[in-house]
Each structure stands twice: as structure tokens, then as C-alpha cells.
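Q: Here's the letter readout for the chains.
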Amino acid sequence: MTEHIGANDARQALRAVEDERRRVIDEVDLPRWYWWGLAIAWILLGVATDVGNVWITSAATLLFGALHAAVASRLFSGRHKSSQLSVRASTVGRRLPLILFASILLLAAASIVVGFAVDADGAEHASTIAACFAATAILCGGPTLMASIRRRIA
Amino acid sequence: MTEPKFDELIHPSTRLSIVALLAPADWIDFAFVRDHLKLSDSALSKQFATLEEAGYLKVERPVSDRRRRVRVRLTAAGRKAFDGHVAALREVLGAVDD
Numbered sequence: 090m091t092e093h094i095g096a097n098d099a100r101q102a103l104r105a106v107e108d109e110r111r112r113v114i115d116e117v118d119l120p121r122w123y124w125w126g127l128a129i130a131w132i133l134l135g136v137a138t139d140v141g142n143v144w145i146t147s148a149a150t151l152l153f154g155a156l157h158a159a160v161a162s163r164l165f166s167g168r169h170k171s172s173q174l175s176v177r178a179s180t181v182g183r184r185l186p187l188i189l190f191a192s193i194l195l196l197a198a199a200s201i202v203v204g205f206a207v208d209a210d211g212a213e214h215a216s217t218i219a220a221c222f223a224a225t226a227i228l229c230g231g232p233t234l235m236a237s238i239r240r241r242i243a
Numbered sequence: 012m013t014e015p016k017f018d019e020l021i022h023p024s025t026r027l028s029i030v031a032l033l034a035p036a037d038w039i040d041f042a043f044v045r046d047h048l049k050l051s052d053s054a055l056s057k058q059f060a061t062l063e064e065a066g067y068l069k070v071e072r073p074v075s076d077r078r079r080r081v082r083v084r085l086t087a088a089g090r091k092a093f094d095g096h097v098a099a100l101r102e103v104l105g106a107v108d109d
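From first to last, the protein sequence lines stand for chains A and B. Quick note: the first sequence uses the numbering used here, first residue 90, plus one each step. Quick note: the second sequence uses the numbering used here, first residue 12, plus one each step.
The hints are simulated quantities; they were obtained by calculation from the structure and are not laboratory data. Glycine is no exception: its CB is placed at the ideal position from the N, C-alpha and C atoms. Careful: at least some of the hints might be erroneous.
[Said to hold, decoys possible] Ranges between beta-carbon positions, derived for each pair: (1) A/Leu228 to B/Lys91: 40 to 48 angstroms; (2) B/Arg90 to A/Ile129: 38 to 46 angstroms; (3) B/Arg80 to A/Leu234: 24 to 32 angstroms; (4) A/Ala159 to B/Glu102: 42 to 50 angstroms; (5) B/Val70 to A/Arg100: 25 to 33 angstroms; (6) B/Asp52 to A/Asn97: 30 to 38 angstroms.
If we strip away everything but chain B, and leave its shape as in the complex, we get (with noise of 0.2 angstroms):
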């Protein structure tokens, strides 16, 4: 069961789409992410850059591709965070409900 925890650095719409994005998978390009977010790289690296200080994702460059390429992915930090922020969002909705 996961502690409802509502967190500040995750909610802003395009932080919680990246991380919302990240949960499901294991690891995503960079460039699915900018563009089914439609982001511009700079704008994208900034959210990255701000997520990744938090401790909740991490940005890798796999060195065996030819091609330059870069992954992102969630830590274990960045997956409990948005677990506990959904359950936090699911909780509000739970008190409206009641």
C-alpha cells in the first residue's frame, strides 16, 4: 500500500506527463519523450535536469549504440515519489467522493 504524499517538484503539468510517461517503462528515448510531449530539447532537458537533482530520474547515454542516444528512466526515488503523489491525488478525489 502506498503512502499518499503529495509532491510539489512532480505535480506541474509537464514534470508529472514526463514522469507519468517514465512509470510505465523501463527506460524511454529522449526523443519519444520530446515528442509526443512536444517539447523543444532545451525545454526538455531543463525538466530532465530538474528531476534528475531531485533524485528522481536518472539520464543515461548508452555508450555500446553507434548511434548518440540518450535514455531516461525513473530511480526507485522518482517511482515511489509519483506512486505516493497519485495515491495523494486518488486520496483527494476519494474526500470529494465521500
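Chain A extracted, bound-state conformation (with noise of 0.2 angstroms):
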């Protein structure tokens, strides 16, 4: 049968098949309350810090965690962004799980050097302060990130 089509119409076909497979991936992202409840959790983190209370602190980054720890569970294959698709593992790949991941242990590196400048330069709240900063890195860069993770899975 292959005889029967010509070169464009297989080239047509198979441009058909590679823009269906970029729709699906445009799906591949975080839901946007995600970004939305990280940073705003961040700056809470930040002023229950700031209130210097060792048991607030101690608590208030243990409920961060295990509050993280199983919304990441579920949102990190990237691939339920909506109700409306699942996309497969296989075309995710399995490496997105280890970028966030790591992408947020970095930001929680780069807050934590922020703290220290911010409070050796003498202001108050330098907790609340770097917590804002990794607030807006995520609001900024979340999105960010997810779309050239996509680009690359393309």
C-alpha cells in the first residue's frame, strides 16, 4: 500500500501526527494553584520564622513538608494538569520529578543565603523578606521552567 502515497502526503501525515503530539504536550505542567499555594505557604514559613518561637518554627515547617510532600507526590509526573487528559508516562519521561525537586531545594538554598544577607545587613523580618524573594522566583519561574521543560520534551 505504501506505494500508493506520495512523499507529501506522508510528510502532511506526519506533520499532522507531530502537532497532535505537541497539543498533548502542552498539557504537561503543574496546575497553576500549585505555584500559587507553594509561595504563598513560603512567605507563611517565612513569618512563623520570623516570630522566633523554636516550636512555631519547628511546626510550621513540618506541616510545610508533609503538606508538600503529598501534594508533590501527586503533581510532579506533570502529568495531570487538567481533568481532562492524562498524559502518558512514557512521553514525560521520568527525569521532571527530579528537576522540581531539585529546583525547590534550590530555592530553599538560595532563600536560606538571602536570610543570612538580608539579616547581616541589619533589617527586620529577614526571614519574611527572603521568603517573599522565593515567593516571587516561584510565581515567576514555576511557569517558567515548566515551559522550557516542554520545549525540550518536544
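From these two lone chains plus the hints, build me the complex, please.
A: Structure follows, in C-alpha cells:
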């Protein structure tokens, strides 16, 4: 049968296949509420740290870690942005959760460095300021990171 | 390595788009496919019926959801046929390039 198909027909069909694949890859993402939730939780954690009570800080950190672990385990595959489709694991690849976890750890480290720098500068509420820096990075960088990952997958 | 096998059932543009859309997904909502391909409910249902009859596609109606939803997914046979078809299309282009 293939001898009856012209090269143009085959090329056009393959282009259509690629377009549909890209449409599904466009759905590889995290829901918008995740980024907002993470940013707000980060700021709350910063505020709790500035309160200076070791029990409040420890409880807030544990709560933050537990909640994030529960949410991340469901979302970090990047396959369920919408309830309208589920992207195949083989389409997304296995590295996405690792990249996301590494980014969060990097941001936590950067946030601590900023916190110490602001504190050394004599500012009050250094943790809250550092958390605001992290929250801004999350809201601006999160979606950008996902867009770059989608481009790599495509 | 997928064996190239041209599939006449998949090749028509609408069905190729449907199968190509389903291939990188576990499942897709009926409404998503309809809106993306800009087809009417009846036109899409007809295409689904053809593919389902061939054993390439499975239509599911999840009972756990409160809303009435229809999900479609490729079967293993549908995936194999799609992979073979894409390989056949690539072979055509490869033959031209050679």
C-alpha cells in the first residue's frame, strides 16, 4: 500500500501526527494553584520563622514539608494538569519530578542565603523578606521552568 | 523496532488526528478531542465507533465522577497499528530521500 502514497501525503500526515503530539505535550504542567499555594506557604513559613518561637517554626516547617510532600507526590509527574486528559508517563519521561525537586531544594538554599544576607544587613524580618524573594521566584520561575521542560520534551 | 505497516483505517486525516492525539496520552476526555478537532459530537462519535469496532480504541464512562464524562484511550492494538503506520509514513519519506 505504501507505494500508493506520495511523499507529500506522507509528509503532511507526519506533520499532523507531530502537531497532535505537541498539543498533548502542551498539557504537561502543574496546576496554577500549586505555584500560588507554594508561594503563600513559603511566605507563611518565613513569617513563622520571624516570630522567633522555636516550636512555631518547627511545627510550621514540618507542616509545610508534609503538605508539600503529599501534594508533590500527586502533581510532580506533570501529567495531570487538567482533568480532561492524562499524559502518558513515557511521553513526559522520568526526569521531571527530579528536576522539580532539585529546583525546590535550590530555591530553599537560595532563600536561606538571602535570609542571612538581609539579616547581616540589619534588616528586621529577614526570613519574611527572604520568603518574599522565594515566592516571587516561584510565581515567575515555576511556569517558565515548565515551559522550558515542555520545549525539551517536544 | 516497529514494523512499518500502512493502516488504511487510521490514515484518513480526521482519524489520524484522533489517534495521534490519543497516542501520547493515557486517556483523553471526549470534550477535549471534540473541541480541539472542532468536530460535532455526532461526527466524532462516528469516528470513535469506527476505531472502536476495529479494536483500536476504547470508550469509557467513569462511574466515579459525578458529572457524566466520556473518556477515550487507545488499546494496545491501536497503539501498535499507529506506531506501524507512522513507521510506514517515515519509510515513504526515507525511500524518497534515498
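Q: Against this structure, judge whether each hint is valid.
A: Hint-by-hint comparison with the structure:
1. A/Leu228 to B/Lys91: 40 to 48 angstroms: holds, 43 angstroms
2. B/Arg90 to A/Ile129: 38 to 46 angstroms: With Cβ atoms ~42 angstroms apart, the hint holds.
3. B/Arg80 to A/Leu234: 24 to 32 angstroms: Hint holds: Cβ distance 31 angstroms, inside 24 to 32 angstroms.
4. A/Ala159 to B/Glu102: 42 to 50 angstroms: holds, 48 angstroms
5. B/Val70 to A/Arg100: 25 to 33 angstroms: holds, 31 angstroms
6. B/Asp52 to A/Asn97: 30 to 38 angstroms: Since B/Asp52 and A/Asn97 have Cβ atoms about 32 angstroms apart, the given range 30 to 38 angstroms holds.
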